[in-house]
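Asker: From first to last, the protein sequence lines are chains A and B.
Just so we're aligned, residue 0 is where the first sequence starts under numbering that gives the first Met the number 0, counting upward by one.
Just so we're aligned, residue 0 is where the second sequence starts under numbering that gives the first Met the number 0, counting upward by one.
Treat the hints as calculated values from the structure; they're not laboratory data.
Please note that a few of the clues may not be correct.
Because identical chains cannot be distinguished in the list, a pair is counted as satisfied if it fits within a single copy or across any two copies.
Cut-off 20 Å, straight-line C-alpha distance, at most; resulting in silico cross-link-like pairs (DMTMM-like, lysine to aspartate or glutamate) [what the hints assert, rightly or not]:
| no. | residue 1 | residue 2 |
| --- | --- | --- |
| 1 | K26 | E174 |
| 2 | K26 | E177 |
| 3 | K125 | E136 |
| 4 | K294 | E174 |
| 5 | K294 | E165 |
| 6 | K125 | D135 |
| 7 | K26 | E165 |
| 8 | K154 | E7 |
| 9 | K291 | E174 |
| 10 | K26 | D91 |
| 11 | K154 | D24 |
| 12 | K294 | D18 |
| 13 | K43 | E204 |
| 14 | K294 | E283 |
| 15 | K154 | E32 |
| 16 | K291 | E167 |
| 17 | K211 | E105 |
| 18 | K43 | D208 |
| 19 | K154 | D18 |
| 20 | K35 | E165 |
| 21 | K9 | D63 |
| 22 | K26 | E167 |
| 23 | K26 | E266 |
Number of protein chains: 2
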Amino acid sequence: MADRSFEEYKSLVDEHLMDFIPNIDNKSISLYESMKYSLMAGGKRLRPVLLLASCEFAGGNIMDALPYACAMEYIHTYSLIHDDLPAMDNDDLRRGLPTNHNVYGEAIAILAGDGLLTCAFEAITKDMMMYFDSPDEMRKRVNAANAIAKGAGCKGMVAGQISDIEAENALVSNELLEYIHLNKTGALIKASVKAGLYLGNPTGEMLRDLEKYSDNLGLAYQIADDILDVIGNPEELGKETGSDLKKNKNTYTSINGLQAAYDRLEELTGAAVDAISNYYDNAEFFRNLVLKLAKRKK
Amino acid sequence: MADRSFEEYKSLVDEHLMDFIPNIDNKSISLYESMKYSLMAGGKRLRPVLLLASCEFAGGNIMDALPYACAMEYIHTYSLIHDDLPAMDNDDLRRGLPTNHNVYGEAIAILAGDGLLTCAFEAITKDMMMYFDSPDEMRKRVNAANAIAKGAGCKGMVAGQISDIEAENALVSNELLEYIHLNKTGALIKASVKAGLYLGNPTGEMLRDLEKYSDNLGLAYQIADDILDVIGNPEELGKETGSDLKKNKNTYTSINGLQAAYDRLEELTGAAVDAISNYYDNAEFFRNLVLKLAKRKK
Numbered sequence: 000m001a002d003r004s005f006e007e008y009k010s011l012v013d014e015h016l017m018d019f020i021p022n023i024d025n026k027s028i029s030l031y032e033s034m035k036y037s038l039m040a041g042g043k044r045l046r047p048v049l050l051l052a053s054c055e056f057a058g059g060n061i062m063d064a065l066p067y068a069c070a071m072e073y074i075h076t077y078s079l080i081h082d083d084l085p086a087m088d089n090d091d092l093r094r095g096l097p098t099n100h101n102v103y104g105e106a107i108a109i110l111a112g113d114g115l116l117t118c119a120f121e122a123i124t125k126d127m128m129m130y131f132d133s134p135d136e137m138r139k140r141v142n143a144a145n146a147i148a149k150g151a152g153c154k155g156m157v158a159g160q161i162s163d164i165e166a167e168n169a170l171v172s173n174e175l176l177e178y179i180h181l182n183k184t185g186a187l188i189k190a191s192v193k194a195g196l197y198l199g200n201p202t203g204e205m206l207r208d209l210e211k212y213s214d215n216l217g218l219a220y221q222i223a224d225d226i227l228d229v230i231g232n233p234e235e236l237g238k239e240t241g242s243d244l245k246k247n248k249n250t251y252t253s254i255n256g257l258q259a260a261y262d263r264l265e266e267l268t269g270a271a272v273d274a275i276s277n278y279y280d281n282a283e284f285f286r287n288l289v290l291k292l293a294k295r296k297k
Numbered sequence: 000m001a002d003r004s005f006e007e008y009k010s011l012v013d014e015h016l017m018d019f020i021p022n023i024d025n026k027s028i029s030l031y032e033s034m035k036y037s038l039m040a041g042g043k044r045l046r047p048v049l050l051l052a053s054c055e056f057a058g059g060n061i062m063d064a065l066p067y068a069c070a071m072e073y074i075h076t077y078s079l080i081h082d083d084l085p086a087m088d089n090d091d092l093r094r095g096l097p098t099n100h101n102v103y104g105e106a107i108a109i110l111a112g113d114g115l116l117t118c119a120f121e122a123i124t125k126d127m128m129m130y131f132d133s134p135d136e137m138r139k140r141v142n143a144a145n146a147i148a149k150g151a152g153c154k155g156m157v158a159g160q161i162s163d164i165e166a167e168n169a170l171v172s173n174e175l176l177e178y179i180h181l182n183k184t185g186a187l188i189k190a191s192v193k194a195g196l197y198l199g200n201p202t203g204e205m206l207r208d209l210e211k212y213s214d215n216l217g218l219a220y221q222i223a224d225d226i227l228d229v230i231g232n233p234e235e236l237g238k239e240t241g242s243d244l245k246k247n248k249n250t251y252t253s254i255n256g257l258q259a260a261y262d263r264l265e266e267l268t269g270a271a272v273d274a275i276s277n278y279y280d281n282a283e284f285f286r287n288l289v290l291k292l293a294k295r296k297k
């Protein structure tokens with residue numbers, strides 16, 4: 000049962016986030032520093048928190064899930080570093096601080112991203128090596144690892160990023176916009192939930208229900224973000240995606256207007272809550288998370 | 000026993016190289032195309048060939064090793080795409096063809112690299128999922144996966160790339176240069192050999208001996224490349240690293256001169272051959288590989 004608060008899970012992530020970054024040689028110390036800079040630049044830790052909460056929800060041990068939770072944050076952080084690059088979104092600030100390439104230069108920022116992505120799988124495979132004699136524990140970890148790789152990959156987050164770039168300055172349909180959101184933002188959120196569940200003992204039904212929850216959460220999260228871009232006040236929510244409005248990016252609000260965005264957000268929030276209605280007492284964390292998200296926008 | 004020729008292993012890699020790239024949605028088709036472009040741009044396939052040969056050398060089945068061999072080429076290819084970017088080496092040509100970013104633009108090139116790196120671990124974790132009921136087979140794969148992640152990561156290839164960038168325009172010692180080469184070039188070569196061995200049934204001695212072989216091979220490979228940069232004729236060997244001479248990069252020849260480089264190459268070649276002297280009949284592939292490399296330089 001996921002009965003801790005968001006803040007409790009987050010503290011655990013913050014405390015252990017550097018644990019799975021290898022001790023780096025002095026000769027390449029700026030790699031370590033640049034990775035640490037972005038990891039420690041004040042993220043909300045939504046993805047690792049979701050992973051830990053999902054693990055507990057499925058009866059798993061969150062201390063065992065930490066390498067996977069941190070791996071998820073490494074992957075999220077690498078994607079932000081690369082997204083901010085001049086050739087991509089060309090952002091100078093991220094969470095109120097200079098972006099990685101503004102501090103370390105573009106070359107090191109590219110490599111810091113590459114390093115973080117690789118660290119994720121180094122942490123995961125290193126963890127797996129402790130379970131050679133426990134086939135059940137190994138199965139959990141391999142399933143979690145594959146969910147993470149798929150979510151981060153060419154039919155997941157990277158696919159969403161590519162179609163987001165290709166859709167710039169073009170008129171896109173709501174269908175394409177939803178594809179972009181489901182992949183660019185949603186895929187890592189869903190992967191966090193799935194990986195967390197796999198690290199416990201989930202039933203098939205639980206996997207299906209929480210997958211539906213996380214798809215709706217991912218879309219709601221992105222639309223809430225688009226709304227904030229219009230109504231301002233990004234600081235309050237620790238907003239992450241930067242000022243898409245300035246970049247001719249398609250957003251739900253730019254296509255459908257603000258009221259339609261509020262309506263859609265409510266619809267998605269409802270669908271997320273419905274998806275977990277079978278787990279009333281046990282799903283409080285997940286319900287609170289999506290309701291809080293919706294409430295703070297209005 | 001690794002009794003096939005380099006060309007035989009290479010054909011197998013070329014034939015299956017796209018097998019582990021997921022079928023990508025039409026909405027992100029340029030991701031697939033850009034990854035395929037660089038994968039199919041005529042690589043020598045040294046790393047996957049070494050992985051397959053090492054697997055057979057340790058009594059493994061090379062068909063089982065194919066996902067890992069291809070993953071290694073995905074990682075090598077991602078590193079070349081990112082290396083060529085304007086913010087890094089700023090190369091227009093790679094193996095005689097326009098570099099990825101020159102064809103698809105910088106943003107897509109960055110994402111194609113990210114996609115390939117992630118595909119590597121998606122292929123690996125997907126393969127692992129077939130071995131939940133075979134702890135011995137799982138152990139081989141987890142060990143191989145960890146060797147690959149470590150070699151590609153922050154104490155391996157990415158560390159070498161960072162220190163290579165930081166050493167630009169500076170006077171470096173031979174010690175630092177060797178650190179750069181052992182990591183930037185050597186780490187993936189060593190990881191290929193180790194991962195291949197793990198996929199078979201290696202003894203501890205075999206792992207140690209082949210590790211020594213691959214460290215020497217990696218350094219020899221880089222010095223042979225530096226020599227070619229001086230004496231020209233890069234086409235003949237399918238040279239990969241671009242014209243470092245033009246970029247104020249430190250090379251063994253620029254620091255020590257051409258004759259010292261030839262001497263060092265001979266020394267390294269000898270050390271590589273010595274490392275595998277216990278496996279005389281079975282190590283012909285590995286002996287031929289390093290000797291051919293040295294011979295073609297003179």
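Asker: Each hint needs a verdict: does it hold in this structure or not?
Answerer: Structure-based check of all given hints:
Only between protomers do K26 and E174 lie at most 20 Å apart by alpha-carbon distance; the minimum there is 11 Å, versus 48 Å within a single protomer. Proximity of K26 and E177 under a CA criterion of 20 Å is satisfied inter-copy only: 11 Å between copies versus 44 Å inside one chain copy. In this homomeric assembly, K125 and E136 come within 20 Å of each other (Cα to Cα) both inside a single copy, at 14 Å, and across copies, at 17 Å. In this homomeric assembly, K294 and E174 never come within 20 Å of each other (Cα to Cα): the closest approach is 25 Å inside a single copy and 59 Å across copies.
Taking the shortest Cα distances, K294 and E165 never come within 20 Å of each other, neither inside one copy (32 Å) nor across copies (48 Å). For a Cα distance limit of 20 Å, the shortest separation of K125 from D135 qualifies both inside one copy, at 17 Å, and across copies, at 17 Å. Taking identical chains as interchangeable, the C-alpha atoms of K26 and E165 lie at most 20 Å apart only when they sit on different chains, with a minimum of 9 Å there against 39 Å within one chain. With identical chains, the CA atoms of K154 and E7 are never at most 20 Å apart, being 32 Å at best within one copy and 32 Å at best between copies.
Proximity of K291 to E174 under the C-alpha cut-off of 20 Å is found in neither arrangement, the shortest distances being 26 Å within a copy and 56 Å between copies. Taking the shortest alpha-carbon separations for K26 and D91, neither the intra-copy value of 28 Å nor the inter-copy value of 29 Å comes in at or below 20 Å. In the homo-oligomer, the alpha carbons of K154 and D24 lie at most 20 Å apart only across protomers (7 Å), although the nearest pairing inside one protomer, at 35 Å, exceeds that limit. Taking the closest pair of Cα atoms, K294 and D18 never come within 20 Å of each other, the shortest separation being 35 Å inside a single copy and 46 Å across copies.
Taking CA atoms no more than 20 Å apart as the test, K43 paired with E204 passes in neither setting, with 29 Å inside one copy and 47 Å between copies. Proximity of K294 to E283 under the C-alpha cut-off of 20 Å is restricted to the intra-copy arrangement: shortest distance 16 Å within a copy versus 69 Å between copies. Proximity of K154 to E32 under the C-alpha cut-off of 20 Å is restricted to the inter-copy arrangement: shortest distance 14 Å between copies versus 31 Å within a copy. In this homomeric assembly, K291 and E167 never come within 20 Å of each other (Cα to Cα): the closest approach is 31 Å inside a single copy and 50 Å across copies.
Taking CA atoms no more than 20 Å apart as the test, K211 paired with E105 passes in neither setting, with 38 Å inside one copy and 35 Å between copies. Taking the shortest Cα distances, K43 and D208 never come within 20 Å of each other, neither inside one copy (25 Å) nor across copies (47 Å). Taking the closest pair of Cα atoms, K154 and D18 come within 20 Å of each other only across two copies (15 Å); inside a single copy the shortest separation is 29 Å, beyond that limit. For a Cα distance limit of 20 Å, the shortest separation of K35 from E165 across copies, 18 Å, qualifies, whereas the shortest one inside one copy, 31 Å, does not.
Within a single copy, K9 and D63 get their C-alpha atoms as close as 16 Å, which meets the 20 Å cut-off; across copies the closest is 40 Å, which misses it. For the homomeric pair K26 and E167, the shortest alpha-carbon distance between copies (13 Å) is at most 20 Å, but the shortest distance inside one copy (40 Å) is not. In this assembly of identical chains, K26 and E266 lie within 20 Å of each other by CA distance neither inside one copy nor across copies; the values are 53 Å within and 25 Å between.
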